[in-house]
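A.B. asks: Now for the letters of each chain:
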Amino acid sequence: MTAAPLLQVRSISKRFGGVQAVSDLSFELRRGEILGLLGPNGAGKTTAFNMVAGAIAPDTGEIVFEGQPITGLRPAQICRRGIGRTFQLSKPFGSLSVLENVMVGGFARSRDRRAIRREAEAILDFLGMGELAHADANDVTAFDRRKLELGRALATQPKLLLMDEVVAGATPSEAQEMVGLVRRVRERGVTILIVEHVMKVIMGLSDRVIVLDYGKLIADGVPAEVVAQPDVLKAYFGERYAGARA
Amino acid sequence: MQSPRQSRLGAAILLAVAVLAVLLPWIVQDSYFIHTVIMVLYFAYMATAWNFVCGYVGQLSLGHSVFSGVAGYVTVLLFIQTGLSPWLGMLAGGAVAALLAVAIGFPTFRLKGPYFTLTTIAFAEILRIWFENTDTFLGIPLKGAEGLVVPLIGDSWAAFQFNGKTAYYYIVLAMLALAMAATAWMERSRLGYYLKAIRGDSDAAESLGVSPTRYSLIALCISAFMTGIGGAFFAQFFRYINPERNMGIDLSIDMAVMAIVGGQGTVFGPALGALLLHPVAEVMRSWFGGGVLGLHLVVYGVVLILAVTYLPKGIIDPLSRLIGRGRKRKEQP
Numbered sequence: 001m002t003a004a005p006l007l008q009v010r011s012i013s014k015r016f017g018g019v020q021a022v023s024d025l026s027f028e029l030r031r032g033e034i035l036g037l038l039g040p041n042g043a044g045k046t047t048a049f050n051m052v053a054g055a056i057a058p059d060t061g062e063i064v065f066e067g068q069p070i071t072g073l074r075p076a077q078i079c080r081r082g083i084g085r086t087f088q089l090s091k092p093f094g095s096l097s098v099l100e101n102v103m104v105g106g107f108a109r110s111r112d113r114r115a116i117r118r119e120a121e122a123i124l125d126f127l128g129m130g131e132l133a134h135a136d137a138n139d140v141t142a143f144d145r146r147k148l149e150l151g152r153a154l155a156t157q158p159k160l161l162l163m164d165e166v167v168a169g170a171t172p173s174e175a176q177e178m179v180g181l182v183r184r185v186r187e188r189g190v191t192i193l194i195v196e197h198v199m200k201v202i203m204g205l206s207d208r209v210i211v212l213d214y215g216k217l218i219a220d221g222v223p224a225e226v227v228a229q230p231d232v233l234k235a236y237f238g239e240r241y242a243g244a245r246a
Numbered sequence: 001m002q003s004p005r006q007s008r009l010g011a012a013i014l015l016a017v018a019v020l021a022v023l024l025p026w027i028v029q030d031s032y033f034i035h036t037v038i039m040v041l042y043f044a045y046m047a048t049a050w051n052f053v054c055g056y057v058g059q060l061s062l063g064h065s066v067f068s069g070v071a072g073y074v075t076v077l078l079f080i081q082t083g084l085s086p087w088l089g090m091l092a093g094g095a096v097a098a099l100l101a102v103a104i105g106f107p108t109f110r111l112k113g114p115y116f117t118l119t120t121i122a123f124a125e126i127l128r129i130w131f132e133n134t135d136t137f138l139g140i141p142l143k144g145a146e147g148l149v150v151p152l153i154g155d156s157w158a159a160f161q162f163n164g165k166t167a168y169y170y171i172v173l174a175m176l177a178l179a180m181a182a183t184a185w186m187e188r189s190r191l192g193y194y195l196k197a198i199r200g201d202s203d204a205a206e207s208l209g210v211s212p213t214r215y216s217l218i219a220l221c222i223s224a225f226m227t228g229i230g231g232a233f234f235a236q237f238f239r240y241i242n243p244e245r246n247m248g249i250d251l252s253i254d255m256a257v258m259a260i261v262g263g264q265g266t267v268f269g270p271a272l273g274a275l276l277l278h279p280v281a282e283v284m285r286s287w288f289g290g291g292v293l294g295l296h297l298v299v300y301g302v303v304l305i306l307a308v309t310y311l312p313k314g315i316i317d318p319l320s321r322l323i324g325r326g327r328k329r330k331e332q333p
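These protein sequences, in sequence, are chains Y and V. Quick note: the first sequence uses my numbering, first residue 1, plus one each step. Quick note: the second sequence uses my numbering, first residue 1, plus one each step.
I should point out that these hints are in silico values taken from the structure, not numbers from a laboratory. Model, not experiment: these values are computed from the prediction. Warning: the hint list may mix true and false statements.
Said to hold, decoys possible - Coverage of chain Y stretches by chain V, computed from C-beta distances (three or more under 8 Å per stretch; other residues unrestricted):
# : region
1 : 81-89
2 : 107-117
3 : 191-198
Claimed, not checked - Covered, in the sense of this in silico footprint (three residues per stretch, anywhere, with C-beta under 8 Å from a C-beta of chain Y), are these stretches of chain V:
# : region
4 : 102-111
5 : 227-235
Just so it is clear, CB atoms sit at the ideal spot from N, CA and C, and this is done for glycine as well.
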C-alpha cells in the first residue's frame, strides 16, 4: 500500500489575457521526494509554481495538500498549512539582521521569542551562516541572501518547500553548495518542488521531473528517461534536433 | 555586539534626560518657555504616534490629523453634551479614531507609495471640509469652522482643566513616555518583526505567513488611538477645538516631517525630530510674526531635503551609532 500523496494538483489552468499560461495541468508530489519542474522559457513553470504557493489563484482546477483543498488560499494561509517558498529575486528585510530575518519565519509557528531565536540560530548554523547572524541583512553577498531566504522559509517549518531557481547567478562552487543544502533539507523530512533552468543541477538533484511546454505537461518520470523523450527534446532544442536524434 | 560600556552610556543619557524632564518646571518657571516645551512634547508625542505605523511599515500617511480631529471632537462633544470627564472622553475618542482607522486603512493599505499617500490626504481633507461646513449634525452643534470652546470649569482633575501649565506639562510628558515605551515594546514583539518584514518585501513577508493588510491595520489602529489621545490633549490644553488646527493637513505634515527628519522606524527619532524642528518653527513665527505666513513650512522643506539627502535614516542614526544604541542595537535574548 502506498501513502497518499502530499500534494495533488488536479487539472489547474490559468489564462492571462490572450495567453494560456497553464492548461489542464495535473501532477502529484509524494512525501519526501524532490520533484523537478522543467520547461523552456515561457512554458508556464513560474505560473504553476505561483498557483501552488497561493500567489496566483487558478482559473479552474483544484490543489489539494495533505488531503485538504488549498485552492485560492492567500500565501500567508498556505504558509500556515505547511508550504514554504523561495523567490527568484529575493530582497532581505533590510532593517533586520540576518538572524532576525530568519526569526520572522519562526513567528508563523510560535510566539515564544526565545524559542524562535534558538531555532533561527540552529537554521543559520545548518546553512553555514552562523558567523553572519548579527550582520545587517543588506550587507551580505548575493548567494548568502539566497541562503538566507531558504533559512527564512525553513523557519516556518514547512512540510513542502517550493524553490524557484535556486542556483541562478551562482558560481559553480556555490551551486554545488546549494545542491548539498537542498539534499540535506530533504533529509530533514521536507518534500521539495524545485523549478530550475540549469539542467545539470536538476538532473542530479531530482528523484523525478515533470516537463511543461506551452502550459501543458509533456513528460513525467525519472530524469534520465525524461530527457531522452522526443517531446522534451523538441521543446528544448526544436523540431530538427529531435528529428535528427530519432 | 555592543559593549556593556556603550549600553551603560545610552542608559545614562536616557536617565539624565528623564530626570531633567521631570525637574524642568522647577528649574524654569517662565510661562512662555513652559508653553513652548509643552508644544515640543505634544509634537514629539504625535510624531511618535505617526511613526508607530508609518515609520515601521514604510508607508507615508499625510492624513493622520483626521484621527486627532475626530477624537478631539468626540472628547469635547461628550464633555459639552453629557458632562463626561475628558479622561474617559479621550479614551472614547481614541477608540473612535481606531475604528475610523480600520475603515480608512482597509482599502488604502492595498495601495503603495504615492497612491497610499494621496488617499490618506483625501480622506482627511474630506472630513475636515465636512466639519468646517457642518453647523449641526443630528441636532448636535459642531459650529463648523468656528469650532467649539470647552466650557471653563476651573482647576479640576475630573474636567482636565488646570490653573497654570505645569499639570499639562506632566500629562503630555507621561503620554510621550508611554508612547515611546509602546514603540519599544512593539519593536521587540512579533508585530515589530512583521512590520519591518512588510516594509522590506511585502510578497516575501506574505510567503512567511504574514498578512500585510492585517498587521498594517493592527499597527494603524494603535497609531490612530495614540494620535486621537494627542488630539484630545490638544483640545483640552487650549480649551478649544476647530477643524483647521485639530485636523488640518499642516498637523499631518508636521507629524510626518518630524518623524522622518528625526528618524522613522526608531523609538527616539520622532521625538528628536520634534525637539529640533518645533523650536525652529516657533522662532520663525516670532521673528517674522504673521508677516510671512507659512515660512516655517519653507524651512521644513529645506530641512527635509537636507535630511533625506544626507541622513536618510534620520538624525538619530549617527547619534545612535555614537552611543551604540538604537538601530544598531542587537537583539537581546
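A.B. asks: With reference to the structure, classify each hint as holding or not holding.
C.D. replies: Hints and how they fare:
Restraint check on the region 81-89 of chain Y versus chain V: 3 residues with Cβ-Cβ distances below 8 Å, three needed, restraint holds. For the region 107-117 of chain Y, the proposed coverage by chain V is satisfied: 6 residues have a C-beta within less than 8 Å of a C-beta in that chain, meeting the threshold of three. With a threshold of 8 Å between beta carbons, the proposed coverage of the region 191-198 of chain Y by chain V is violated, since 0 of its residues qualify and at least three are required. For the region 102-111 of chain V, the stated coverage by chain Y is not satisfied: 0 residues place a CB nearer than 8 Å to a CB of that chain, which falls below the threshold of 3.
Using a Cβ-Cβ cut-off of 8 Å, 0 residues of the region 227-235 of chain V lie near chain Y, which falls short of the minimum of three, so the contact claim is violated.
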